[in-house]
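Visitor: Mind docking chain B on chain A? Use the hints.
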Amino acid sequence: MRQRVRSAWLFLAPMLLVLAAAAGWPLARTVYFSFTDASLSDLDARQWVGIANYVSVLRMPSGKVIYDGLLLDPVWWGAVWNTVRFAVVSVTCETILGMVVALVLNAEFPGRGIVRAAILIPWAIPTIVSAKMWQWMLNDQFGIINVVLINLGLIDTKIAWTASADTAMAAVLIVDIWKTTPFMALLILAALQMLPREIIEVARLDGANPWQIFWRVTLPLIRPAVMVAVIFRALDALRIFDLIYVLTPNNAHTKSMSVFARENLFEFDKFAYGSAASTLLFLVLALLTILTIRVGRISLEGGR
Amino acid sequence: MWLLKRTGFYLLVGAIVLIAVFPFYYAIVTSLKSGTELFQADPWPKAPSLDNYRNVLAEGAFMLNLLNSLVVSGAVVALSLFLGVTAAYALARVRFRGRSALLFAILSVSMFPQVAVLAGLFELVRMFGLYNSLFALIFSYMIFTLPFTVWVLTAFVRDLPVEVEEAAILDGATPWIIITRIFLPLMWPALATTGLLAFIGAWNEFLFALTFTSNDARRTVPVAIALLSGNSQFEIPWGNIMAASVIVTVPLVVLVLIFQRKIVSGLTAGGVKG
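Same order as they appear, the protein sequences are chains A and B. Mapping to numbering that gives the first Met the number 0: the first sequence position 267 is 266, numbers consecutive. Mapping to numbering that gives the first Met the number 0: the second sequence position 139 is 138, numbers consecutive.
No wet-lab data here; the hints were simulated from the structure. Every residue, glycine too, gets a C-beta built ideally from N, C-alpha and C. Treat the hints with care, as some may be off.
[Stated by the list, open to error] Once the Cα atoms are required to be at most 20 Å apart in a straight line, the calculated EDC-like pairs of lysine to aspartate or glutamate come out as:
#	chain 1	residue 1	chain 2	residue 2
1	A	K269	A	D67
2	A	K269	A	D36
3	A	K269	B	E122
4	A	K157	A	D139
5	A	K157	B	D41
6	B	K261	B	D158
7	A	K269	A	D72
8	A	K269	A	D41
9	B	K4	A	E107
[What the hints assert, rightly or not] Taking CB as the label site, the calculated pair distances span:
#	chain 1	residue 1	chain 2	residue 2	range
10	B	E36	A	G206	58 to 68 Å
11	B	L69	A	G206	52 to 62 Å
12	A	T156	B	L69	39 to 49 Å
13	B	E36	A	H252	28 to 38 Å
14	A	P109	B	L169	50 to 60 Å
15	A	W214	B	L169	50 to 60 Å
For reference, chain A alone in the conformation it holds in the complex:
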């Protein structure tokens, strides 16, 4: 038996080494950089500056006190607000719409296979490609969406969807919801198909209408599966980068925490400051993960 355990570790070692080198070590270095003044042009010429990237107090000779740092940076808090707003709205919409699509796919009707194949298409399309496709459809001058809306008489003037302050976040949400609802729908559908048909039969024989059956029987039974899907999606939404970076470049109204961090790391030559932002984002997600696993009591043994 001891021999077996030893060979088990031998088999685990390569995978663990790769994960440690690709995830563990870089994460530790990012946290370390956030306490230094490293710059992109010369990473090695760095000095320990403590928590100055997060918060610093500077006393001028004149007696004036200047507070600085990430925790006092309105741009950072703007990015936090954008990310949270995006995550809450997108996950809520995706869950509701995913539920609708899953209920449709769970019904027996001719052509169900085609519908299931069709909803896989948005999921299969690379995020960058969806961003570009929608950017073209939402184009202010030539985009088909503006043309259709004007022809229908819903708007008078063409809207610069991805550029204007009022609609940029809506544009990001539309694309994300379009792309990710299929994922939600498939997860919920899998849960629906695990339900024993008899339970629903019994409820129907007892005279419950479809509405009651959904709220009183179906939903409570699939709730654990839906919760897992929601948690995965929420964690994914909180780290959003590529869609926002490509669909609405340089827009303060959509800039997410990830975009803020990368911008500082590689575009503004504020490597240490960007590292601090990355570290904070990691802390927020780690806390949320631990919290949800505690609260949701997700079984680590895969349900066994």
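Guide: The following block gives chain B in isolation, referenced to the frame of chain A:
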């Protein structure tokens, strides 16, 4: 009343299909338009032409970008399956102290925001002279492919009957023989699923590819498409962008449609987003 309900239901079904399919359909339509036709929002091309495809494939490094994406995704699949299979055997079949904690740690890596490792990875990649090389991408993509590969394969191995393995142990087979001769042939369905999902993940990745490559010849397709620009800053080559988009998406859509069932089961087992 019954008829009304049926009609309503089919209207809903029609709306779902239309919304799901139209954007990609419109991208194909746009890619077939050329000249001034591009700027008329007709839902079909009046004079379809393949000019945009010719432009994209002839100009710049797009063919090279395609090749880069293929090499990176292929290597990522091979590597994560190899590491995943050996690890899954140990995690599923051998009881040892700290196994649950280890599984938890592996799962938590998949929840990492990728930006959190970006600074540290950048240092590592530069230190080993891998900046602007495909190795940097293959290595960094392990962060998101390995955890779910290990997770899904572990769940699969756990469900295989113990008896086959016990018989082999009695016959004196070593763990390596057990993995390669007994488990591997049984694991093809799970390998196909996880391999496909890892391929899609690597094929679509943007953040690391954007950060760790610096010239046209080394870029993967998503970065190439995002950075595709015209002769001037104000002239965005929409026709070319749509042609490039269709080229990289069609193989993916075909793969996904062929392996529909496998992908759905893999997604539900791993709870991962591609």
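Visitor: Taking the hints in turn, state whether each one holds.
Guide: Hint check:
1. A:K269 - A:D67: 14 Å, holds
2. A:K269 - A:D36: Holds, at about 8 Å.
3. A:K269 - B:E122: Status holds; Cα separation ~15 Å.
4. A:K157 - A:D139: Given that 20 Å is the threshold and the Cα spacing comes to 6 Å, the pair holds.
5. A:K157 - B:D41: 17 Å, holds
6. B:K261 - B:D158: 17 Å, holds
7. A:K269 - A:D72: 14 Å, holds
8. A:K269 - A:D41: Holds: A:K269 and A:D41 sit about 11 Å apart, inside 20 Å.
9. B:K4 - A:E107: 14 Å, holds
10. B:E36 - A:G206: 58 to 68 Å: 60 Å, holds
11. B:L69 - A:G206: 52 to 62 Å: Holds, at about 59 Å.
12. A:T156 - B:L69: 39 to 49 Å: 45 Å, holds
13. B:E36 - A:H252: 28 to 38 Å: At roughly 33 Å between Cβ atoms, A:H252 and B:E36 fall inside 28 to 38 Å, so the hint holds.
14. A:P109 - B:L169: 50 to 60 Å: 53 Å, holds
15. A:W214 - B:L169: 50 to 60 Å: 55 Å, holds
Consistency with the previously given hints is maintained throughout, with no hint failing.
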